[in-house]
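S.K.: With these hints in hand, go ahead and build the complete structure from the sequences.
Those letters in the sequence shown? Residues 208 to 758, per our numbering, in order.
Don't read these hints as lab results, they were simulated from the structure.
Careful, some of the hints might be misleading.
[Said to hold, decoys possible] Here are the computed lysine to aspartate or glutamate pairs in the EDC-like style, where the Cα-Cα straight-line distance is at most 16 Å: (1) LYS637 to GLU579; (2) LYS574 to ASP345; (3) LYS639 to ASP595; (4) LYS574 to ASP355; (5) LYS639 to GLU596; (6) LYS327 to GLU579.
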Amino acid sequence: MSAMNSTSSPRLPPSGRRARAARTRRNGKPGAQFDGYLAPQRPHADAYDEMFAPDGTVRPPYRALYESIAGLDNSDLNNRSAALDRAMVDQGITFSLSGQERPFPLDLVPRVVAAAEWSKLERGVAQRVRALEAFLADVYGDAQILQDGIVPRRLITSCAHFQREAVGVNPPNGVRIHVSGVDLVRDEEGTFRVLEDNLRNPSGVSYVMENRRTMARVFPDLFVQHRVRPVGDYAAHLLRALRAAAAPNVADPTVVVLTPGVHNSAYFEHSLLARLMGVELVEGRDMFCRDNVVYLRTTEGERPVDVVYRRIDDEFLDPVHYRPDSVLGVAGILNAARAGNVVIANAVGNGVGDDKLVYTYVPDFVKYYLNEKPLLPNVDTYRCWLPDEMDYVLSHLDELVVKPVEGSGGYGIVFGPEASQAELAALRRKVKANRRGWIAQPVVQLSTVPSKVDDWLAPRHVDLRPFAVNDGKEIFVLPGGLTRVALPEGSLVVNSSQGGGSKDTWVLAARSSSAERELEQPALAPSSVDGRAAEQGPELTTDQQQQQQQQ
208 MSAMNSTSSP RLPPSGRRAR AARTRRNGKP GAQFDGYLAP QRPHADAYDE MFAPDGTVRP
268 PYRALYESIA GLDNSDLNNR SAALDRAMVD QGITFSLSGQ ERPFPLDLVP RVVAAAEWSK
328 LERGVAQRVR ALEAFLADVY GDAQILQDGI VPRRLITSCA HFQREAVGVN PPNGVRIHVS
388 GVDLVRDEEG TFRVLEDNLR NPSGVSYVME NRRTMARVFP DLFVQHRVRP VGDYAAHLLR
448 ALRAAAAPNV ADPTVVVLTP GVHNSAYFEH SLLARLMGVE LVEGRDMFCR DNVVYLRTTE
508 GERPVDVVYR RIDDEFLDPV HYRPDSVLGV AGILNAARAG NVVIANAVGN GVGDDKLVYT
568 YVPDFVKYYL NEKPLLPNVD TYRCWLPDEM DYVLSHLDEL VVKPVEGSGG YGIVFGPEAS
628 QAELAALRRK VKANRRGWIA QPVVQLSTVP SKVDDWLAPR HVDLRPFAVN DGKEIFVLPG
688 GLTRVALPEG SLVVNSSQGG GSKDTWVLAA RSSSAERELE QPALAPSSVD GRAAEQGPEL
748 TTDQQQQQQQ Q
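M.R.: This is how it looks when you write it as C-alpha coordinates:
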(Lines of atoms letter the chains of each structure in order from A and count residues from 1; the text may use other names and numbers.)
(Lines give C-alpha, C1' and ligand atoms only; values in the text may rest on other atoms or scores of the structure.)
Protein backbone atom coordinates (compact mmCIF):
# COMPACT_ATOMS: atom_id res chain seq x y z
CA MET A 1 0.00 0.00 0.00
CA SER A 2 1.38 3.39 -0.91
CA ALA A 3 1.65 5.98 1.82
CA MET A 4 -1.06 8.63 1.78
CA ASN A 5 0.06 12.23 1.83
CA SER A 6 -1.88 13.99 4.58
CA THR A 7 -1.74 17.25 2.68
CA SER A 8 -3.25 15.99 -0.56
CA SER A 9 -6.08 13.67 -1.37
CA PRO A 10 -5.68 10.63 -3.64
CA ARG A 11 -7.05 11.24 -7.10
CA LEU A 12 -8.89 8.98 -9.50
CA PRO A 13 -6.87 7.92 -12.56
CA PRO A 14 -7.81 9.85 -15.71
CA SER A 15 -10.96 8.68 -17.44
CA GLY A 16 -11.63 8.55 -21.13
CA ARG A 17 -11.23 6.27 -24.13
CA ARG A 18 -7.44 6.23 -24.05
CA ALA A 19 -7.33 5.29 -20.38
CA ARG A 20 -9.90 2.52 -20.82
CA ALA A 21 -8.12 1.13 -23.88
CA ALA A 22 -4.88 0.93 -21.91
CA ARG A 23 -6.36 -1.03 -19.02
CA THR A 24 -4.82 -4.35 -19.90
CA ARG A 25 -1.37 -2.74 -20.04
CA ARG A 26 -1.82 -1.06 -16.65
CA ASN A 27 -3.01 -3.91 -14.48
CA GLY A 28 -0.13 -3.42 -12.09
CA LYS A 29 -0.49 0.34 -11.73
CA PRO A 30 -2.04 1.48 -8.42
CA GLY A 31 -5.65 2.51 -8.95
CA ALA A 32 -5.91 1.00 -12.42
CA GLN A 33 -9.12 -0.79 -11.39
CA PHE A 34 -10.83 2.62 -11.35
CA ASP A 35 -9.81 3.66 -14.88
CA GLY A 36 -12.77 5.30 -16.60
CA TYR A 37 -14.82 5.27 -13.40
CA LEU A 38 -16.09 8.84 -13.80
CA ALA A 39 -16.44 8.68 -17.57
CA PRO A 40 -18.84 11.48 -18.65
CA GLN A 41 -20.87 9.10 -20.82
CA ARG A 42 -21.71 6.72 -17.95
CA PRO A 43 -25.44 6.35 -17.11
CA HIS A 44 -26.75 8.92 -14.62
CA ALA A 45 -23.44 10.79 -14.64
CA ASP A 46 -24.90 13.52 -12.39
CA ALA A 47 -25.43 11.10 -9.47
CA TYR A 48 -23.53 11.73 -6.24
CA ASP A 49 -20.61 9.32 -5.96
CA GLU A 50 -19.78 8.42 -2.39
CA MET A 51 -16.10 7.62 -2.92
CA PHE A 52 -15.06 10.29 -5.44
CA ALA A 53 -15.75 14.02 -5.67
CA PRO A 54 -16.57 15.33 -9.18
CA ASP A 55 -12.93 16.39 -9.67
CA GLY A 56 -11.73 12.83 -9.04
CA THR A 57 -10.36 13.34 -5.53
CA VAL A 58 -11.22 10.71 -2.95
CA ARG A 59 -13.64 11.79 -0.23
CA PRO A 60 -12.12 11.65 3.29
CA PRO A 61 -14.06 8.64 4.69
CA TYR A 62 -12.91 6.50 1.75
CA ARG A 63 -9.24 7.46 1.56
CA ALA A 64 -7.81 4.50 3.45
CA LEU A 65 -10.12 2.10 1.62
CA TYR A 66 -9.09 3.54 -1.74
CA GLU A 67 -5.41 3.16 -0.85
CA SER A 68 -6.02 -0.48 0.09
CA ILE A 69 -7.88 -1.29 -3.13
CA ALA A 70 -5.45 0.67 -5.29
CA GLY A 71 -2.65 -1.54 -3.99
CA LEU A 72 -4.33 -4.71 -5.34
CA ASP A 73 -3.82 -5.98 -8.85
CA ASN A 74 -6.64 -7.46 -10.88
CA SER A 75 -5.81 -11.06 -10.02
CA ASP A 76 -5.90 -10.29 -6.30
CA LEU A 77 -9.18 -8.42 -6.72
CA ASN A 78 -10.69 -11.34 -8.63
CA ASN A 79 -9.42 -13.89 -6.11
CA ARG A 80 -10.95 -12.02 -3.19
CA SER A 81 -14.23 -11.56 -5.03
CA ALA A 82 -14.31 -15.28 -5.79
CA ALA A 83 -13.59 -16.00 -2.12
CA LEU A 84 -16.61 -13.87 -1.15
CA ASP A 85 -18.81 -15.77 -3.59
CA ARG A 86 -17.60 -19.12 -2.26
CA ALA A 87 -18.22 -18.05 1.31
CA MET A 88 -21.80 -17.02 0.49
CA VAL A 89 -22.45 -20.31 -1.34
CA ASP A 90 -20.90 -22.38 1.45
CA GLN A 91 -23.14 -20.67 3.99
CA GLY A 92 -26.22 -21.15 1.82
CA ILE A 93 -27.04 -17.45 1.46
CA THR A 94 -29.27 -17.50 -1.61
CA PHE A 95 -32.26 -15.66 -3.02
CA SER A 96 -34.90 -16.41 -5.60
CA LEU A 97 -34.60 -14.66 -8.97
CA SER A 98 -36.88 -15.65 -11.83
CA GLY A 99 -37.73 -18.85 -10.00
CA GLN A 100 -34.11 -19.93 -9.53
CA GLU A 101 -32.08 -20.03 -6.34
CA ARG A 102 -28.85 -18.08 -6.71
CA PRO A 103 -26.06 -17.03 -4.36
CA PHE A 104 -26.81 -13.61 -2.96
CA PRO A 105 -24.29 -11.14 -4.46
CA LEU A 106 -22.08 -9.46 -1.86
CA ASP A 107 -19.89 -6.82 -3.45
CA LEU A 108 -16.31 -6.65 -2.24
CA VAL A 109 -16.17 -2.84 -1.89
CA PRO A 110 -17.85 -1.79 1.37
CA ARG A 111 -19.83 1.39 1.75
CA VAL A 112 -18.25 3.77 4.26
CA VAL A 113 -20.15 6.31 6.38
CA ALA A 114 -18.29 8.90 8.43
CA ALA A 115 -19.01 9.11 12.15
CA ALA A 116 -20.45 12.63 12.01
CA GLU A 117 -22.70 11.79 9.07
CA TRP A 118 -23.98 8.66 10.78
CA SER A 119 -24.78 10.65 13.90
CA LYS A 120 -27.14 12.82 11.84
CA LEU A 121 -28.79 9.80 10.23
CA GLU A 122 -29.16 8.10 13.61
CA ARG A 123 -30.96 11.11 15.08
CA GLY A 124 -33.17 11.42 12.01
CA VAL A 125 -34.22 7.76 12.06
CA ALA A 126 -34.96 7.87 15.80
CA GLN A 127 -37.02 11.03 15.36
CA ARG A 128 -39.04 9.40 12.60
CA VAL A 129 -39.73 6.31 14.70
CA ARG A 130 -40.92 8.44 17.63
CA ALA A 131 -43.29 10.37 15.37
CA LEU A 132 -44.70 7.19 13.83
CA GLU A 133 -45.14 5.64 17.28
CA ALA A 134 -47.20 8.67 18.30
CA PHE A 135 -49.24 8.45 15.11
CA LEU A 136 -50.06 4.76 15.57
CA ALA A 137 -51.06 5.29 19.20
CA ASP A 138 -53.29 8.16 18.11
CA VAL A 139 -54.92 6.58 15.07
CA TYR A 140 -55.77 3.41 17.06
CA GLY A 141 -56.87 5.53 20.00
CA ASP A 142 -58.58 8.92 20.08
CA ALA A 143 -57.61 9.78 16.47
CA GLN A 144 -56.97 13.41 17.41
CA ILE A 145 -54.86 13.97 14.31
CA LEU A 146 -57.89 13.14 12.16
CA GLN A 147 -60.13 15.47 14.15
CA ASP A 148 -57.60 18.27 13.73
CA GLY A 149 -57.52 17.75 9.98
CA ILE A 150 -53.79 17.11 9.72
CA VAL A 151 -54.51 13.84 7.94
CA PRO A 152 -57.75 13.25 5.98
CA ARG A 153 -59.91 10.60 7.66
CA ARG A 154 -60.63 8.90 4.33
CA LEU A 155 -56.89 8.38 3.82
CA ILE A 156 -56.81 6.15 6.88
CA THR A 157 -60.13 4.37 6.39
CA SER A 158 -59.19 3.54 2.79
CA CYS A 159 -55.82 2.10 3.76
CA ALA A 160 -55.67 -1.66 3.24
CA HIS A 161 -53.43 -2.05 6.28
CA PHE A 162 -55.56 -0.11 8.75
CA GLN A 163 -56.81 -2.83 11.10
CA ARG A 164 -59.97 -1.88 12.97
CA GLU A 165 -59.43 -4.96 15.13
CA ALA A 166 -56.36 -3.21 16.61
CA VAL A 167 -58.31 -0.20 17.89
CA GLY A 168 -57.99 -0.09 21.67
CA VAL A 169 -55.16 -2.63 21.86
CA ASN A 170 -52.60 -0.77 23.99
CA PRO A 171 -49.14 -2.32 24.50
CA PRO A 172 -47.95 -2.28 28.14
CA ASN A 173 -44.98 0.00 27.48
CA GLY A 174 -46.60 1.88 24.60
CA VAL A 175 -44.30 0.47 21.91
CA ARG A 176 -45.83 -0.71 18.66
CA ILE A 177 -42.77 -0.38 16.44
CA HIS A 178 -40.31 -2.66 18.17
CA VAL A 179 -38.29 -3.03 14.95
CA SER A 180 -38.31 -0.71 11.95
CA GLY A 181 -36.40 -0.39 8.70
CA VAL A 182 -36.29 3.10 7.18
CA ASP A 183 -35.20 3.06 3.53
CA LEU A 184 -32.92 5.98 2.66
CA VAL A 185 -31.53 7.23 -0.63
CA ARG A 186 -28.94 9.89 -1.33
CA ASP A 187 -29.87 12.41 -4.01
CA GLU A 188 -27.74 14.28 -6.53
CA GLU A 189 -26.79 16.90 -3.93
CA GLY A 190 -25.61 14.28 -1.45
CA THR A 191 -28.66 14.71 0.83
CA PHE A 192 -30.10 11.60 2.46
CA ARG A 193 -33.87 11.33 1.95
CA VAL A 194 -36.42 8.82 3.20
CA LEU A 195 -37.84 6.67 0.43
CA GLU A 196 -40.22 4.62 2.57
CA ASP A 197 -40.86 3.26 6.06
CA ASN A 198 -41.11 -0.43 6.98
CA LEU A 199 -43.04 -0.94 10.21
CA ARG A 200 -44.63 -4.36 9.80
CA ASN A 201 -42.00 -7.08 9.46
CA PRO A 202 -38.86 -5.42 8.11
CA SER A 203 -36.37 -8.03 6.95
CA GLY A 204 -32.73 -8.03 5.96
CA VAL A 205 -30.87 -7.52 9.23
CA SER A 206 -29.40 -11.02 8.92
CA TYR A 207 -27.71 -9.88 5.71
CA VAL A 208 -26.13 -7.04 7.69
CA MET A 209 -24.62 -9.43 10.22
CA GLU A 210 -23.60 -12.14 7.75
CA ASN A 211 -22.13 -9.64 5.26
CA ARG A 212 -19.91 -8.37 8.06
CA ARG A 213 -18.78 -11.84 9.11
CA THR A 214 -17.99 -12.80 5.54
CA MET A 215 -16.13 -9.58 4.76
CA ALA A 216 -14.11 -9.84 7.97
CA ARG A 217 -13.00 -13.36 7.08
CA VAL A 218 -12.04 -12.52 3.49
CA PHE A 219 -10.62 -9.01 4.09
CA PRO A 220 -9.12 -9.04 7.59
CA ASP A 221 -6.43 -6.60 6.46
CA LEU A 222 -9.03 -3.92 5.66
CA PHE A 223 -10.40 -4.04 9.20
CA VAL A 224 -6.92 -3.37 10.56
CA GLN A 225 -6.92 -0.05 8.71
CA HIS A 226 -10.37 1.06 9.88
CA ARG A 227 -12.20 1.40 13.16
CA VAL A 228 -15.58 0.04 12.15
CA ARG A 229 -18.50 0.03 14.55
CA PRO A 230 -19.88 -3.47 15.18
CA VAL A 231 -23.20 -4.92 14.13
CA GLY A 232 -22.99 -8.23 15.99
CA ASP A 233 -24.81 -6.94 19.09
CA TYR A 234 -28.13 -6.38 17.30
CA ALA A 235 -29.77 -9.46 18.82
CA ALA A 236 -28.95 -8.27 22.34
CA HIS A 237 -30.72 -4.96 21.70
CA LEU A 238 -33.69 -6.76 20.14
CA LEU A 239 -34.04 -9.15 23.09
CA ARG A 240 -33.90 -6.27 25.57
CA ALA A 241 -36.65 -4.46 23.66
CA LEU A 242 -38.86 -7.56 23.49
CA ARG A 243 -38.44 -8.31 27.19
CA ALA A 244 -39.17 -4.67 28.03
CA ALA A 245 -42.42 -4.94 26.04
CA ALA A 246 -43.92 -7.52 28.41
CA ALA A 247 -46.46 -6.62 31.07
CA PRO A 248 -44.81 -4.97 34.09
CA ASN A 249 -45.98 -7.71 36.46
CA VAL A 250 -44.00 -10.36 34.55
CA ALA A 251 -40.61 -10.83 36.19
CA ASP A 252 -39.04 -13.17 33.62
CA PRO A 253 -40.88 -12.83 30.29
CA THR A 254 -41.06 -15.75 27.87
CA VAL A 255 -40.25 -14.51 24.37
CA VAL A 256 -40.70 -16.52 21.16
CA VAL A 257 -40.07 -15.88 17.48
CA LEU A 258 -43.07 -16.87 15.35
CA THR A 259 -42.12 -18.00 11.83
CA PRO A 260 -44.29 -19.22 8.93
CA GLY A 261 -41.86 -22.14 8.57
CA VAL A 262 -38.86 -23.38 6.65
CA HIS A 263 -40.31 -22.54 3.24
CA ASN A 264 -40.46 -18.82 3.97
CA SER A 265 -37.86 -16.82 2.07
CA ALA A 266 -36.56 -15.18 5.27
CA TYR A 267 -36.59 -18.33 7.42
CA PHE A 268 -32.87 -18.19 8.10
CA GLU A 269 -33.26 -14.70 9.53
CA HIS A 270 -35.97 -15.96 11.86
CA SER A 271 -33.84 -18.88 13.05
CA LEU A 272 -30.70 -16.77 13.35
CA LEU A 273 -32.38 -14.15 15.53
CA ALA A 274 -34.03 -16.77 17.73
CA ARG A 275 -30.72 -18.55 18.24
CA LEU A 276 -28.78 -15.37 18.97
CA MET A 277 -31.43 -14.22 21.45
CA GLY A 278 -31.62 -17.65 23.07
CA VAL A 279 -35.40 -17.93 22.64
CA GLU A 280 -37.70 -20.50 21.05
CA LEU A 281 -38.35 -20.45 17.30
CA VAL A 282 -41.97 -21.56 16.93
CA GLU A 283 -44.70 -22.03 14.35
CA GLY A 284 -48.37 -21.36 14.88
CA ARG A 285 -49.10 -25.03 15.58
CA ASP A 286 -46.73 -24.90 18.55
CA MET A 287 -49.00 -22.47 20.45
CA PHE A 288 -52.63 -22.13 21.46
CA CYS A 289 -54.86 -19.69 23.38
CA ARG A 290 -56.99 -20.51 26.40
CA ASP A 291 -58.84 -17.93 28.48
CA ASN A 292 -57.06 -15.13 26.59
CA VAL A 293 -53.63 -16.49 27.49
CA VAL A 294 -51.16 -17.76 24.87
CA TYR A 295 -49.41 -21.03 25.71
CA LEU A 296 -46.43 -22.79 24.16
CA ARG A 297 -46.49 -26.58 23.92
CA THR A 298 -43.28 -28.03 25.31
CA THR A 299 -42.04 -31.46 26.33
CA GLU A 300 -42.49 -30.33 29.91
CA GLY A 301 -46.07 -29.18 29.44
CA GLU A 302 -47.80 -25.90 28.70
CA ARG A 303 -45.84 -22.68 29.18
CA PRO A 304 -47.39 -19.17 29.09
CA VAL A 305 -45.94 -16.87 26.41
CA ASP A 306 -45.52 -13.16 27.18
CA VAL A 307 -44.07 -11.72 23.95
CA VAL A 308 -44.44 -12.99 20.39
CA TYR A 309 -42.00 -11.54 17.86
CA ARG A 310 -44.04 -12.51 14.84
CA ARG A 311 -42.66 -12.67 11.31
CA ILE A 312 -45.99 -13.29 9.58
CA ASP A 313 -48.42 -10.74 8.18
CA ASP A 314 -51.52 -9.48 9.97
CA GLU A 315 -53.99 -11.37 7.80
CA PHE A 316 -52.42 -14.73 8.71
CA LEU A 317 -51.86 -14.04 12.40
CA ASP A 318 -55.25 -14.86 13.95
CA PRO A 319 -57.86 -16.94 12.07
CA VAL A 320 -60.52 -15.75 14.51
CA HIS A 321 -60.25 -12.17 13.25
CA TYR A 322 -58.63 -12.52 9.82
CA ARG A 323 -58.31 -15.35 7.34
CA PRO A 324 -60.14 -18.36 8.80
CA ASP A 325 -58.11 -20.71 6.59
CA SER A 326 -54.76 -19.59 8.00
CA VAL A 327 -52.71 -22.28 9.72
CA LEU A 328 -49.72 -20.01 10.27
CA GLY A 329 -51.01 -18.02 13.24
CA VAL A 330 -52.64 -18.63 16.60
CA ALA A 331 -56.41 -18.49 17.03
CA GLY A 332 -57.32 -15.93 19.69
CA ILE A 333 -53.92 -14.24 19.97
CA LEU A 334 -55.40 -10.80 19.23
CA ASN A 335 -57.93 -11.21 22.04
CA ALA A 336 -55.07 -12.16 24.36
CA ALA A 337 -53.20 -9.01 23.31
CA ARG A 338 -56.29 -6.90 23.95
CA ALA A 339 -56.56 -8.44 27.41
CA GLY A 340 -52.94 -7.49 28.10
CA ASN A 341 -51.76 -11.07 28.48
CA VAL A 342 -49.40 -11.14 25.49
CA VAL A 343 -47.54 -8.57 23.42
CA ILE A 344 -47.38 -8.91 19.64
CA ALA A 345 -44.24 -7.40 18.14
CA ASN A 346 -44.48 -5.63 15.82
CA ALA A 347 -48.02 -4.61 16.69
CA VAL A 348 -51.03 -5.51 14.58
CA GLY A 349 -52.04 -2.63 12.31
CA ASN A 350 -48.60 -1.03 11.92
CA GLY A 351 -49.02 -1.21 8.15
CA VAL A 352 -51.09 1.97 8.20
CA GLY A 353 -47.91 3.80 9.19
CA ASP A 354 -45.87 2.60 6.22
CA ASP A 355 -48.58 3.03 3.62
CA LYS A 356 -46.95 4.91 0.72
CA LEU A 357 -49.58 7.66 0.89
CA VAL A 358 -49.39 8.00 4.66
CA TYR A 359 -45.61 8.26 4.18
CA THR A 360 -46.11 11.65 2.53
CA TYR A 361 -47.55 13.00 5.80
CA VAL A 362 -44.76 11.79 8.13
CA PRO A 363 -42.99 15.20 8.14
CA ASP A 364 -46.32 16.60 9.36
CA PHE A 365 -46.36 13.95 12.11
CA VAL A 366 -42.95 15.12 13.30
CA LYS A 367 -44.20 18.69 13.63
CA TYR A 368 -47.60 17.73 15.06
CA TYR A 369 -46.53 15.20 17.69
CA LEU A 370 -42.96 16.23 18.49
CA ASN A 371 -43.03 19.95 17.68
CA GLU A 372 -39.71 19.48 15.87
CA LYS A 373 -38.35 20.11 12.42
CA PRO A 374 -37.87 16.87 10.44
CA LEU A 375 -34.21 15.90 10.34
CA LEU A 376 -34.62 13.60 7.33
CA PRO A 377 -36.64 14.93 4.37
CA ASN A 378 -38.87 12.72 2.25
CA VAL A 379 -38.35 12.22 -1.44
CA ASP A 380 -40.70 14.69 -3.16
CA THR A 381 -43.92 12.78 -3.83
CA TYR A 382 -47.09 13.47 -5.81
CA ARG A 383 -50.32 11.97 -4.46
CA CYS A 384 -52.53 10.83 -7.29
CA TRP A 385 -55.61 10.81 -5.09
CA LEU A 386 -55.46 14.64 -4.94
CA PRO A 387 -56.94 16.10 -8.18
CA ASP A 388 -54.31 18.81 -8.74
CA GLU A 389 -51.42 16.47 -8.13
CA MET A 390 -52.95 13.75 -10.29
CA ASP A 391 -53.33 16.21 -13.16
CA TYR A 392 -49.63 17.03 -12.87
CA VAL A 393 -48.67 13.35 -12.79
CA LEU A 394 -50.76 12.50 -15.84
CA SER A 395 -49.23 15.34 -17.83
CA HIS A 396 -45.66 14.38 -16.81
CA LEU A 397 -45.80 10.58 -16.82
CA ASP A 398 -42.76 10.39 -19.07
CA GLU A 399 -40.66 12.29 -16.50
CA LEU A 400 -41.67 10.58 -13.25
CA VAL A 401 -41.31 7.30 -11.38
CA VAL A 402 -44.81 5.98 -10.73
CA LYS A 403 -45.31 3.44 -7.93
CA PRO A 404 -48.25 1.35 -6.76
CA VAL A 405 -49.11 2.17 -3.14
CA GLU A 406 -49.45 -1.54 -2.32
CA GLY A 407 -46.37 -2.58 -4.28
CA SER A 408 -43.21 -4.08 -2.79
CA GLY A 409 -39.96 -5.62 -3.95
CA GLY A 410 -39.68 -3.23 -6.88
CA TYR A 411 -42.63 -4.81 -8.67
CA GLY A 412 -45.08 -2.57 -10.52
CA ILE A 413 -42.80 0.48 -10.61
CA VAL A 414 -42.79 2.35 -13.93
CA PHE A 415 -39.85 4.61 -14.82
CA GLY A 416 -41.46 7.16 -17.09
CA PRO A 417 -38.30 8.19 -18.99
CA GLU A 418 -37.67 4.53 -19.92
CA ALA A 419 -41.27 3.51 -20.64
CA SER A 420 -42.73 3.06 -24.11
CA GLN A 421 -45.79 4.97 -25.26
CA ALA A 422 -47.88 1.82 -24.90
CA GLU A 423 -46.65 1.33 -21.32
CA LEU A 424 -47.41 4.96 -20.47
CA ALA A 425 -50.90 4.67 -21.96
CA ALA A 426 -51.59 1.54 -19.89
CA LEU A 427 -50.25 3.27 -16.79
CA ARG A 428 -52.47 6.29 -17.41
CA ARG A 429 -55.54 4.04 -17.45
CA LYS A 430 -54.48 2.33 -14.21
CA VAL A 431 -53.91 5.62 -12.40
CA LYS A 432 -57.27 7.03 -13.49
CA ALA A 433 -59.06 3.83 -12.42
CA ASN A 434 -57.47 3.75 -8.94
CA ARG A 435 -56.23 7.16 -7.85
CA ARG A 436 -55.74 5.98 -4.25
CA GLY A 437 -53.45 3.23 -5.47
CA TRP A 438 -50.63 5.30 -6.99
CA ILE A 439 -47.96 7.84 -6.11
CA ALA A 440 -45.32 9.45 -8.30
CA GLN A 441 -41.86 10.83 -7.61
CA PRO A 442 -39.17 12.61 -9.60
CA VAL A 443 -36.39 10.33 -10.80
CA VAL A 444 -33.82 10.41 -7.96
CA GLN A 445 -30.33 9.62 -9.20
CA LEU A 446 -29.39 7.36 -6.31
CA SER A 447 -25.83 7.81 -5.12
CA THR A 448 -23.18 5.44 -6.46
CA VAL A 449 -20.43 3.40 -4.81
CA PRO A 450 -17.66 1.49 -6.63
CA SER A 451 -18.71 -2.09 -7.29
CA LYS A 452 -16.90 -4.95 -8.97
CA VAL A 453 -18.10 -5.51 -12.53
CA ASP A 454 -16.12 -8.13 -14.45
CA ASP A 455 -12.45 -7.24 -13.87
CA TRP A 456 -12.97 -3.59 -12.96
CA LEU A 457 -14.70 -1.29 -10.53
CA ALA A 458 -17.64 0.72 -11.80
CA PRO A 459 -20.26 3.01 -10.20
CA ARG A 460 -23.47 1.28 -9.17
CA HIS A 461 -26.49 2.83 -7.44
CA VAL A 462 -27.25 2.06 -3.79
CA ASP A 463 -29.80 2.68 -1.06
CA LEU A 464 -29.59 2.14 2.70
CA ARG A 465 -31.92 0.49 5.22
CA PRO A 466 -30.94 1.28 8.82
CA PHE A 467 -32.67 -0.91 11.41
CA ALA A 468 -34.01 0.70 14.60
CA VAL A 469 -35.02 -1.11 17.80
CA ASN A 470 -37.30 0.62 20.32
CA ASP A 471 -37.35 -0.62 23.92
CA GLY A 472 -39.65 2.16 25.17
CA LYS A 473 -36.83 4.21 26.69
CA GLU A 474 -34.38 4.62 23.85
CA ILE A 475 -34.23 3.88 20.15
CA PHE A 476 -31.15 1.97 19.08
CA VAL A 477 -30.14 2.35 15.43
CA LEU A 478 -27.83 -0.41 14.22
CA PRO A 479 -24.65 1.27 12.92
CA GLY A 480 -24.72 0.85 9.16
CA GLY A 481 -27.76 -1.14 8.17
CA LEU A 482 -28.30 -2.87 4.84
CA THR A 483 -26.85 -1.30 1.70
CA ARG A 484 -28.52 -2.71 -1.40
CA VAL A 485 -26.87 -2.19 -4.77
CA ALA A 486 -28.39 -2.21 -8.26
CA LEU A 487 -25.93 -4.38 -10.20
CA PRO A 488 -27.19 -3.91 -13.79
CA GLU A 489 -25.59 -0.84 -15.35
CA GLY A 490 -27.78 2.24 -15.03
CA SER A 491 -30.44 0.45 -12.98
CA LEU A 492 -32.03 2.33 -10.08
CA VAL A 493 -33.88 -0.72 -8.68
CA VAL A 494 -31.87 -2.24 -5.83
CA ASN A 495 -34.22 -5.06 -4.79
CA SER A 496 -32.74 -8.55 -4.91
CA SER A 497 -35.90 -9.69 -6.71
CA GLN A 498 -34.84 -7.37 -9.53
CA GLY A 499 -31.23 -8.54 -9.69
CA GLY A 500 -29.72 -6.41 -6.93
CA GLY A 501 -27.04 -7.31 -4.42
CA SER A 502 -25.67 -5.87 -1.20
CA LYS A 503 -22.62 -4.29 0.40
CA ASP A 504 -21.17 -4.35 3.86
CA THR A 505 -21.83 -0.93 5.41
CA TRP A 506 -19.06 0.52 7.57
CA VAL A 507 -19.84 3.24 10.07
CA LEU A 508 -16.53 4.65 11.24
CA ALA A 509 -15.98 5.16 14.93
CA ALA A 510 -15.57 8.76 16.04
CA ARG A 511 -12.24 10.08 17.29
CA SER A 512 -11.14 13.47 18.47
CA SER A 513 -8.53 13.67 15.70
CA SER A 514 -9.26 14.48 12.05
CA ALA A 515 -10.77 11.88 9.76
CA GLU A 516 -7.57 11.74 7.70
CA ARG A 517 -5.41 10.82 10.70
CA GLU A 518 -8.02 8.39 11.95
CA LEU A 519 -7.85 6.46 8.70
CA GLU A 520 -4.09 6.69 8.24
CA GLN A 521 -3.26 5.09 11.58
CA PRO A 522 -4.25 1.45 12.11
CA ALA A 523 -5.86 0.83 15.46
CA LEU A 524 -3.81 -1.52 17.64
CA ALA A 525 -6.50 -2.65 20.04
CA PRO A 526 -10.29 -2.59 20.29
CA SER A 527 -11.71 0.59 21.73
CA SER A 528 -15.14 1.51 22.94
CA VAL A 529 -17.68 3.58 21.01
CA ASP A 530 -20.65 4.59 23.10
CA GLY A 531 -20.04 1.50 25.22
CA ARG A 532 -19.64 -0.79 22.17
CA ALA A 533 -16.34 -2.02 20.80
CA ALA A 534 -15.17 -0.92 17.37
CA GLU A 535 -14.45 -3.87 15.11
CA GLN A 536 -10.77 -4.41 14.38
CA GLY A 537 -10.74 -7.77 12.66
CA PRO A 538 -12.65 -10.89 11.68
CA GLU A 539 -15.70 -12.06 13.54
CA LEU A 540 -14.99 -15.74 14.06
CA THR A 541 -18.52 -17.11 14.35
CA THR A 542 -19.58 -19.31 11.43
CA ASP A 543 -23.16 -20.17 10.58
CA GLN A 544 -24.64 -22.70 8.20
CA GLN A 545 -27.37 -20.76 6.48
CA GLN A 546 -30.55 -21.55 4.65
CA GLN A 547 -32.42 -19.64 1.98
CA GLN A 548 -33.44 -16.05 2.65
CA GLN A 549 -34.46 -13.18 0.46
CA GLN A 550 -34.49 -9.43 1.05
CA GLN A 551 -38.01 -8.24 0.41
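S.K.: Which hint numbers doesn't this structure obey?
M.R.: As far as the earlier hints go, only 1 is violated by this structure.
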